[in-house]
Amino acid sequence: MSYFFSFDMQVDRPFRFDKAMPVRALICGGVLSLSACGPGFTEPMQKSPNSIIGKTTQDIGEFKPEEKKEVSDQKLNVTNPVTGPLEAYRPMVERVVIAQIDQALRLYEAENGKYPATYEEFMEQIIKKNGIRLPVLPGGWKYEYNVAEHKLEVVQDKPAAP
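Taken in order, the sequence shown gives residues 1 to 162; the numbers are from full-length UniProt numbering.
Simulated from the structure, these hints should not be mistaken for lab results. Treat the hints loosely; a few may be bogus.
Said to hold, decoys possible - Pair ranges (Cβ atoms, derived): (1) D157 - T79: 18 to 24 Å; (2) K75 - K158: 27 to 33 Å; (3) I132 - P49: 34 to 40 Å; (4) P91 - K55: 30 to 36 Å; (5) Q46 - K129: 34 to 40 Å; (6) G113 - N50: 43 to 49 Å; (7) A110 - G84: 25 to 31 Å.
Stated by the list, open to error - Restricting the straight-line Cα-Cα distance to at most 25 Å, the calculated cross-link-like pairs of lysine-lysine (PhoX-like) are: (8) K129 - K69; (9) K75 - K64; (10) K55 - K114.
The C-beta atom is built at its ideal place from N, Cα and C for all residues, glycine as well.
The whole structure should be built from the sequences, with the hints applied where relevant.
Right, dumping it as structure tokens:
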């Protein structure tokens, strides 16, 4: 049994499809893929030891406004189409993490009628009790808990410029 399909409307020559075609395609594809395989293609790619991808932390500092550190605005500022995904990584991770911590804080407030009163209470009741591990941030950015505002901040490790 044969099937006829026309993929090009300008040409009246139909495409002929028979049952052996998928088998031939698999054989040809397998031969081509095996011929292209060298040692670089068969071995798994090694991740750089300096990579932060997949690493997590519970290292959260206490936010102190008097230190005047630069607080992230969580905006995507992609300036280069080639490096855009790298530029978007930190703001996207921040949004997800801050939403996760905000949810945990709201649940804690609903159960206890108050937010954690101190940094230590936040670390014990929110982070450690819930087993929360946050993705490591790139480029000197780190997490800090703002006790007065009851929220997680992402700050640059160095003080903001005056």
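Has the given pair, K75 with K64, been kept, meaning a C-alpha gap of at most 25 Å? holds (22 Å)
Can you tell me whether the CB distance of P91 to K55 sits inside 30 to 36 Å? The hinted range 30 to 36 Å is violated for P91 and K55, with Cβ atoms some 18 Å apart.
Given the hint that K55 pairs with K114, test it: the Cα-Cα distance must not exceed 25 Å. violated (32 Å)
That 34 to 40 Å hint for Q46 and K129 (C-beta), does it hold up? At 36 Å between Cβs, range holds.
Should the hint that A110 and G84 are 25 to 31 Å apart at their CB atoms be regarded as holding? Taking Cβ atoms as reference, A110 and G84 lie about 39 Å apart, which means the hint is violated.
Given the hinted pair K129 and K69, is their alpha-carbon gap at most 25 Å? violated (28 Å)
Indicate whether the distance between the beta carbons of G113 and N50 respects the range 43 to 49 Å. Check passed, 45 Å falls within 43 to 49 Å.
State, for the Cβ atoms of I132 and P49, whether the hinted interval 34 to 40 Å holds or is violated. violated (25 Å)
So does K75 sit 27 to 33 Å from K158, Cβ to Cβ? violated (20 Å)
Is it true that D157 and T79 lie within 18 to 24 Å of each other by Cβ? Holds: the Cβ-Cβ distance is about 22 Å, inside 18 to 24 Å.
Hint compliance for this structure: hints 2, 3, 4, 7, 8, 10 are broken, all remaining hints hold.
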